[in-house]
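Residues per chain, in single letters:
Protein chains: 2
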Amino acid sequence: MNKVRWLALLLFSANVMADEGMWLPQQLPELEPELTARGLRIEGQNIAKLTEFPLNTSVSLKGCSGSFVSATGLVVTNYHCVNSSILHHSSNTTKLLQDGFFAATLQQELPAAAGSKILLTQQVENVTRQIQQELTPQLLGRDRFEKIEQLRKELVSACETSAGIRCSLYSYDGGLAYYLLKQLEITDVRLVYAPAAGVGQFGGDIDQRMWPRHTGDFAFYRAYVGKDGQPAPYHSDNVPFAPPAFLKVSAKGVQAQDFVMVLGYPTQTYRHLTAAELKLQFSQILPLQQQYRADIIRLMQQHSAENSAENLRYQARLAGLQNRSKNTNILLETYQRSALQQRKEQQQQALLHWIKAEPGRQARFLPALLDMERLVQQQSSNLQRNTLLQAFDAVQLFSAARQLYRNAQEQLKPDSEREVGFQQRDQAGLSATLTELHNTMSPQVEIEIACYLLQQYHQLPAAERVPLLDKFFNLAAGTALDQPALLQLKLQLQQMYQQTKLTDAATLLAWQQQPAPAFSQSQDPLLQLAAALYPAELAREQQQQTNEGKLLQLKPLVMAALQAFKASQQQKNYPDANGSLRVSVGSVQGYQPRDGVYYTPFTTVQGIVAKATGTAPFAAPAAQLSAIATANVSDAAADFLGTVPVNFLSTADTTAGNSGAATLNGQAELVGLLFDGVSESIIGDYEYDPATNRSIHLDSRYMLWQMDKVDGASRLLQEMVIVR
Amino acid sequence: MNKVRWLALLLFSANVMADEGMWLPQQLPELEPELTARGLRIEGQNIAKLTEFPLNTSVSLKGCSGSFVSATGLVVTNYHCVNSSILHHSSNTTKLLQDGFFAATLQQELPAAAGSKILLTQQVENVTRQIQQELTPQLLGRDRFEKIEQLRKELVSACETSAGIRCSLYSYDGGLAYYLLKQLEITDVRLVYAPAAGVGQFGGDIDQRMWPRHTGDFAFYRAYVGKDGQPAPYHSDNVPFAPPAFLKVSAKGVQAQDFVMVLGYPTQTYRHLTAAELKLQFSQILPLQQQYRADIIRLMQQHSAENSAENLRYQARLAGLQNRSKNTNILLETYQRSALQQRKEQQQQALLHWIKAEPGRQARFLPALLDMERLVQQQSSNLQRNTLLQAFDAVQLFSAARQLYRNAQEQLKPDSEREVGFQQRDQAGLSATLTELHNTMSPQVEIEIACYLLQQYHQLPAAERVPLLDKFFNLAAGTALDQPALLQLKLQLQQMYQQTKLTDAATLLAWQQQPAPAFSQSQDPLLQLAAALYPAELAREQQQQTNEGKLLQLKPLVMAALQAFKASQQQKNYPDANGSLRVSVGSVQGYQPRDGVYYTPFTTVQGIVAKATGTAPFAAPAAQLSAIATANVSDAAADFLGTVPVNFLSTADTTAGNSGAATLNGQAELVGLLFDGVSESIIGDYEYDPATNRSIHLDSRYMLWQMDKVDGASRLLQEMVIVR
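Those protein sequences? They're chains X and Y, same order as listed. Residues in the first sequence are numbered from 1 upward in steps of one, following this note's numbering. Residues in the second sequence are numbered from 725 upward in steps of one, following this note's numbering.
Misleading hints may appear alongside valid ones.
In silico SDA-like links for lysine to any residue, alpha-carbon gap of 20 Å or less [stated by the list, open to error]:
no., chain 1, residue 1, chain 2, residue 2
1, X, 572, X, 37
2, Y, 877, Y, 1403
3, Y, 1335, X, 333
4, X, 248, X, 679
5, X, 566, X, 329
6, X, 153, X, 142
7, X, 611, Y, 1403
8, X, 356, X, 563
9, Y, 1335, X, 578
10, X, 611, Y, 1054
11, Y, 871, Y, 894
12, X, 611, Y, 1221
13, Y, 1335, X, 332
14, Y, 1335, X, 375
15, X, 182, X, 578
16, X, 611, Y, 1321
17, X, 147, X, 471
18, Y, 1003, Y, 1054
19, Y, 1195, Y, 1221
20, Y, 773, Y, 754
21, X, 611, Y, 894
22, X, 471, X, 535
Read the hints as simulated data drawn from the structure, not as lab findings.
Let's have the full structure, built from the sequences with the hints guiding it.
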């Protein structure tokens, strides 16, 4: 452990409460005394209720978070959360990306990209007992899994009483608790304002996960509804939605040490894995995924030369994969360097020790813990084969063929029995994916990736093989994949891509409506391949569901044991992130990334000037640079900086999905937007280290300054309630 | 200007005194009130006297600084200052470089590398009047230069009354003042202790000029003298020198904000250039030098493949050139980015304004200022030719031939009239250079560099050419240097290197003793080339001396004007560094290298663990790493860090030559050794920026810890006086 606490002593006040935790709103009342001591000025009871202020200002944008900031449906979120809408409207003439966009009137507000939605929680119901009473001890493995899926569908279906209502069942702590969320689903979403990419994406991928950071990662949507106030598809007659509440925006901002609170929808964390699960993840699953990912990146780069059509199509995908690869590398390195596994083993030993100390506990929990160990052991078999088959998702057209084939099969069942992802409610999403496909793939690159993955597949031992796949590509174990055989394989793939009609966008989309028999009769080689693989995929899925079922039986007991153990030590527990609304609390604080270096909690507009090169991602707009040149203290309530702050760091515990989440001060005023975490926080999905886990926030003062001094967004400044 | 002062406010106490200044000891009494207020506890009067404590503990190692730290001649300095002695004794068997060296007894102490010396100042005399009274207004240009050189030789010669005495004349402020220094020259220098290269060079070139830094840059020499106490060449009968005083070593060290003081021999700064001189330097001289340097580096790399004999020979030289190139790039970039030139112009305008405000001042100073402008204009002509001819120094054997030829010519004059560098007193140094030459050069690489430089030369206009050089290589202006001609040129160079006998070490050295006629008659092609170039070189030198003479006439007036102007504004002035003993004062402070980042003033042994890779330059010895694993607060008086500090930053104003200089606390105890400056200090040779100019010091606590816990150097720990 790094003992250097030179600055810690100097800068960190006596915060005894750990800032770890993505708390369920209902847990907040028990944290209230601590929160109040740290600066919270609204009562814990309020924060605990999803349908009261301030939680009822928080919305999910599916993958991002946002907040209402006016009485007329204005939603603030991250620039990168509205990126698809900007790209949708940007062209060589409109130049939305380059110049940014500001709708001077309501009429000028632009429809967001297809599929955009704003989800506002209306009701939350604890349905744990309803579910658990159905889960008899006899329900094992896949049966248990299917029972839960059946209950999920029934609950959701009963809840979704009208078109504008979307319901979801959230499982907590591996199935120890279940909550049913009822959300208003607003689908007429419009783009109101986004700064230029040189502001909103300043630093781009280079600066991602990095500090010092200077990204103006904010933008505004507006929620529109029908004249009756109910959600409705886009229509020019629609009117701005009147949210139940909205956040005031602070022009005073925060200072170092200030209390902050983040309301958002973190997607997933793995804090409560068992030691064996953690080890499997880091010693097998992640390294395997990373290996295939690295090779796919290499192939994409090799076969999408600069300025080629391929390059344009793969740019975004490649950037995404590279980012993920970079982050996974950091994750793996951090795990290697840290004693995370060791700590996890020790915690587990302590838990076991506590369980064994009392016969009742031992009888209740020990078998589940031991069974969990065995289950993890089993998971490591077939791992390579399964990871490899998953990697085939990178061959997009082939992946689409598989999805379409599966979709047709699922349509044979009643809607309520269909697999999640293939129900009626999922069809629009599938259409959207299929429509976008041709802009992001090229047969040439697909063939190279498929060929590489089949080579990898060919090296699997006989027991791991998929006979129909072997037959389809003539790849049976024991056969040599020598140079001629390899050429033959590539030739076959080339012929498949020549013969398939799925490369035609309309044809591809049309298959979504085709019934199952049409697939069996099709001569399309990609659909034939999908058909050949279907039984194996189904078998694999069933195997997975069996495992899931076992996990759903054991994990709640393991988590119950852990919770009881923690409670016995006066430790509070919070469930892993699962996409539901959470509250994270922390304070504005820098950190020491390495010996001799301290990252200060604020960056300023002067840092933009130092980084600006004129070339993306460091192309700060000229108008902004000249505004900075004349910026002064009075522009932002940041006397302690002497200029306008841009981004700040906090100890708040966040992860992906939190993007765009409101960062509030103790009075529940918006002081920033969460948009990233530092690279030291990547391991945070597995363990929160108070010394280095830091969230990166956009500063509300920067947002207001940019709106006022650079982008002339006075209409919105007047619409919002700004606390000066 | 960066307005970010977030941490500044938090961390910087109310230090109102600027830490700029490499003060002459005699200036210190006037600074005393300020120094006392900041923590100095010894009286200013003492610091002002070169022959009293603590200044009489400070020694020059020619290019480095050092200090006596025991009554028996123990000298502490930087590891990199004794590097040549370590290499001299290191071999595959002794492994001094890998393992370090510790002499367990006096008898085991090893003779330092040839040419090592320790110079202790014994007397200092202001000889300004003596010199200036000889400089009549009629003495202009080269005559003035030669007059000063003549006076220099006379004064030095009269001062060097015995073999162990070395005298030097130092010129301050461009000739406004002159001091004659009398120094005891101890030549029996022995290596006592140096840690392993994995400590002393930890971080190597990669970390040079960088923070965070973890270099254990310390080592110990001992001064030996004859039994009579007088300097004498190495002899086994020699005894440790008893210095007039020595420094106590602090085991308590410093904390952030603490006062520090550096005693050392900074080589050269350019703070008092005129605006025109500064512009010439940055717009012409440095870019030209950098261009030739970059090309020479490229050629050395191309023609010294890894693991080749060439690689070994050029490794050190290449590393040195690359470092210089890196630093010059930073220097040029900083100049471009900063408003240094603008500030200099403004200062000069203010000076001119002040001069013109009073007729007496105007009459006295204005002509000199205007003449300086003209002189700088003249200097920019012939600049490319002269820079190019200087670059030929990189062709080492050729350079040696030129030196030998010149040496023979100089020997024709009485010793006192010979050029500096060729007098009797300089012959041993020349021998040493010639002896080392063959280990650092390869004909193949020399030919490539010579060929490149001649190509560059060929592009010069007719007016810039050297007729004899044109003739020698058939390179007259207007001739085409096409592919055949280029091949011919390379062939000629190859033949020269085949035919020359100078590649034989003994032959090369023997020429130092040959009289001038032997050179004229020699058929050696390199000596013939040297002869051919001699008249042009002499002419160039005389031209330079003429310029120098003009400068020696004008600069003192310009500096006198500047001083008077500053005095009128209650500003203290200090002369540019010139290799004489100076005192710098400052405090322990971190800095903000860029927006959002703060460099803390201390690094710790934990940072070594984080950097250690096992491979040089990050090969921390195993013994050290295991000592760190058990290190604790009680090992070093650094409770505020919780572990052992390694290096620290201060605002003290230092530059090259200060390496190894004692860093003292207010009680004049040794708390560290200066060994580098951060990259933001490179521009410091031209301008001191209090926000970012930082010296890097080895922490005395780390030195004592390493000696005690890792290297078992108890003999020295007992010999020194350690303040606990």
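- Message: For residue 572 of chain X and residue 37 of chain X, compute the direct alpha-carbon distance and say whether it is at most 20 Å.
- Response: OK: residue 572 of chain X and residue 37 of chain X at ~17 Å, within 20 Å.
- Query: When you check the alpha-carbon spacing of residue 611 of chain X and residue 1321 of chain Y, does it fall within 20 Å?
  - Reply: holds, 14 Å
- Message: Tell me if the straight-line CA distance from residue 153 of chain X to residue 142 of chain X falls inside 20 Å.
- Response: This hinted pair holds, its Cα atoms lying about 16 Å apart.
- Given the hinted pair residue 1003 of chain Y and residue 1054 of chain Y, is their alpha-carbon gap at most 20 Å? holds, 17 Å
- Keeping to a limit of 20 Å between CA atoms, is the pair of residue 566 of chain X and residue 329 of chain X held or broken? violated, 32 Å
- Message: Just to be careful, I want the Cα atoms of residue 611 of chain X and residue 1054 of chain Y compared with a cutoff of 20 Å; is the pair within it?
- Response: Judged against 20 Å, a Cα distance of about 16 Å means the pair holds.
- Item | 20 Å limit on alpha-carbon distance, applied to hinted pair residue 1335 of chain Y and residue 333 of chain X | Given pair residue 1335 of chain Y, residue 333 of chain X holds - Cα atoms ~14 Å apart, limit 20 Å.
- Satisfaction of hint between residue 471 of chain X and residue 147 of chain X, Cα-Cα up to 20 Å: violated, 36 Å
- Message: Against the 20 Å threshold, does the CA-CA distance of residue 1195 of chain Y and residue 1221 of chain Y hold or violate the hint?
- Response: holds, 19 Å
- Item | Hint consistency between residue 871 of chain Y and residue 894 of chain Y [alpha-carbon to alpha-carbon, up to 20 Å] | Since the Cα atoms of residue 871 of chain Y and residue 894 of chain Y sit roughly 15 Å apart, the hinted pair holds (cutoff 20 Å).
- Query: Does the alpha-carbon distance linking residue 1335 of chain Y and residue 332 of chain X stay inside the 20 Å limit?
  - Reply: Roughly 18 Å between the alpha carbons, so the hint for residue 1335 of chain Y and residue 332 of chain X holds.
- Message: Check the hint pairing residue 1335 of chain Y with residue 578 of chain X against an upper bound of 20 Å on the C-alpha distance.
- Response: violated, 37 Å
Checked against the numbered hints given earlier, the structure breaks hints 2, 4, 5, 9, 12, 14, 17 and 21 and satisfies all the rest.
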